[in-house]
Amino acid sequence: MTQAHATTHDAHGHDDHGHAHDPNQAHHFESMEQQVASGKLGMWVFLATEILMFGGLFCAYAVWRARHFEAFEIGHKQLNTLMGFINTLVLIASSFTMAWAVRTAQLNKNKATAVLLALTFLGGCGFMTIKYFEYKAKWDHGIFVGEPWGHWNTFREEAKTELEAEKTATQLAPPTTGTPGLVNALPTPGKTPEGFIGADAAAADAHGHEAEAHAPPAAHGEGHEPAAEGESAHAAAGEHHIDPDDALKARTFFSIYFCMTGLHGLHVLVGMGLIAWIFFRALKGEFTETYNAPVDLVGLYWHLVDLIWIFLFPLLYLIS
Amino acid sequence: MYMICVLSAFLLGGIFALLVRTEHLTGGETIMSAETYNRVFTLHGAVMVFLFIIPGIPAALGNFVMPIMLGTLDVVFPRLNLMSWYLWMTGGVFFVASLAFGGIDTGWTFYTPYSTTYSPYGPAIICALSGAFILGFSSILTGVNFLATMHMLRAKGMSWFQMPLFCWSLYATAIMQILATPVLAITLLLLIAERTLSIGIFDPSLGGDPVLFQHFFWFYSHPAVYIMILPAMGVVSDVIAVYSHKHIFGYKFIAFSSVAIALLGFLVWGHHLFVSGQSALLGTIFSLITFSIAIPTAIKVFNWLATMYKGSIDLKCAMLYAMSFIWVFSIGGLTGLHCAAIATDVHLHDTYFVVAHFHYVMVGGTVFGFLAGLHHWWPKIFGKMYDEFWGLVAWALVFIGFNLTFFPQFFMGAQGMPRRYWHYEPQFQAYHVASTIGAYMQGLGFVLLAGVLLYSLFAGKKAPRNPWGGTTLEWQTTSPPPLENFPHDEPPIVGDPYDFHAIEYKEELEGYVLVAAPAAHDAERSIVEEIVEGAEADSYGSRGN
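For the protein sequence lines, the chains are S and P, in the order given. 1 is the number of the first residue of the first sequence in my numbering; add one for each residue after it. 1 is the number of the first residue of the second sequence in my numbering; add one for each residue after it.
None of these hints come from the bench; they were simulated from the model. If you're wondering where the values come from, they're calculated on a predicted model, not measured in any experiment. Treat the hints with care, as some may be off.
[Unchecked claim] Ranges of calculated distance between the beta carbons of each label pair, as one might list FRET restraints: (1) S:E30 - P:M89: 26 to 34 Å; (2) S:E30 - P:K462: 29 to 37 Å; (3) P:A517 - S:I310: 52 to 60 Å.
[Unchecked claim] List time: in silico EDC-like cross-link candidates among lysine to aspartate or glutamate, alpha-carbon distance up to 16 Å: (4) S:K111 - S:E289; (5) P:K461 - P:E510; (6) P:K156 - S:E33; (7) P:K252 - P:D496; (8) P:K156 - S:E30; (9) P:K156 - P:E507.
Glycine included, C-beta positions come from ideal geometry on N, C-alpha and C.
Chain S extracted, bound-state conformation (with noise of 0.2 Å):
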């Protein structure tokens, strides 16, 4: 996506009509104006088809969600809310460090631009880090995307192990969520799942499954804790358990989850080749106070990046 920019760096300066041109302006381009509205220009209209290619997606969602709202209500208590809300602050911090470089750009600063750029392709990675240990955790309990990966079916095993380990637990003792040895010390058929109730209770046991399940996280990024993943999912899914036969309908929420999810992560990574892109030319010196629209039009799809993110959060992680 590159040639999504509209400006060219020809290093000619000659001209033709008795004046110079800016070297950065394009053979075709009356003035530098020209060529930078020009850019804006196609870059919005690009901007546009970006949001009517995920608006089909939101339609999507929405006529799920009208039609299975049990879905949506089963399937998003899976979901990991804090981490959700760290990834958009991640993409608003990233934003605002972006539009700070679109500025230090314009005031000719290339190696305060090259910084910010730099912080913001940071921004990006955190959040890609944060979706991939997302993921994985749902990749951990069965939860995937489709058929075929989904391994549904140890989804709903687990759904059913702990249905029975919290029948047998509200059989012997009243179910505390603050008292993990009592809990744990009561024999549990099968493996105990992570991520579902007794989330305490679970976490003596799970802590060992979490060392081997997670990745250590990698080192930049918004500095969480390893095992931060699986004991924020637990407290979040709380007791919230999952009736066996409930785990379809969680699958069609899943679906459009990691459809959404899935390609405005792509858009991400896009976003942040681009960035790493002009960072490197910021590096070289290359913008000035009249040529700096690949910061500017790189900072622009940045922004719907994020913005788009900001509608997916809520509807994916805050409904209620």
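Keeping the supplied structure of chain S fixed, place chain P upon it in accordance with the hints.
Same frame as chain S, but now just chain P:
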């Protein structure tokens, strides 16, 4: 580059068409089995729609002519333009690759659940869907480019209403490409996801809905048919004016009607779903809005006729195609009304009536428009004149062949012959045989046409700047134009794009030259003025013959 590619796709689609028609010579097996037949008609549709008709005029003609018409050097994003072409090539490769996997048999509309669950040609379907997805982006980027170019790069002094009508139609097309094609993109992605991952969006057992696919698909594909036809109408507007040597009638009406068709086109997709089980209320609303699209379309047709009225008609090849366009497109458009009325549509849906209707508007419309433009701008693009006589013969074969192919299909369809059926009852055979003969005649006509044009590249006379007497800016530059579109010391002179008083025929050049600066604006004229001026026919740009 686009022209060669797009015409090659037309050839491929045309071969599939001839295979379909040949198979239909008899009710049973003629040259292929039913399974093969399903794949052949699907590929005919898919190749024609995605590789030829949608990119066709904007890519092959618009790319070349539009910047010159605007008096500028290039489109706004030249490298993006090249990217569009690379995407077309890539999409095309994917499509052709699907042939290697056995081809697709779902119909070009990929309806669920057949395409997601029951069709055995999984890999081919994924391949073709990916190809269509990529082609969609080729279309989107072309739309972005054209829209930005018309906003930003008009020559100095050229207002919006001094743009030729071909540009207006490309502008309306660009709006649709930009807004509608992304919805196709996501629909195809969802279809691929449904096929490979069983996400369940179109599968009732998982809470999905197969009719939802139809809504998504037609939300794009209806504007798509206007993407196909509007550029052809733009060509016709310009061609009619030039070969009538008369100012286009109702310039602003035609310009605005293009935009109106583009906008209304987004509101009528449900007329493809009348029998899908959607509610009657919804059907009624879609039917009503569909009828309303006839209004801007009719405005154009009447304006073209009014342009020709009392004009000095030159029956050159391009004009013949443009005039046949009016005739044939009107038939296609009027039969669209049969389909737009729900009651009749219940009877006609998925019959040959619909097939005839859309071939009349797509072939009779877009292809004829494309050929009109090809003949009109051929000397400008290649600098060579082609043989008029053989061009006329080719036109006659194409026109007669076309009508022979598709007119019987209206009757067949109304009598119940279903579409996409390999087998048919004996009562329809006569119609099918007539249709097939027509198809071969058309094919012959197209081959002859190709021969005439290609021959001109080697042995044609050198073309003057303005052989036909056009008044838009492309006729002020050389044939073919220099790299920067206009000779360095001869910037284009901007004015009313249809001022035929400003040009005169010069025998020694066998072409026209600009003898006066064109008027700045088309003064608002009353019909009386038009008639009075028509009576003074001699005063129009005097011609050699």
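Ascending list of hint numbers which this structure does not respect: 9
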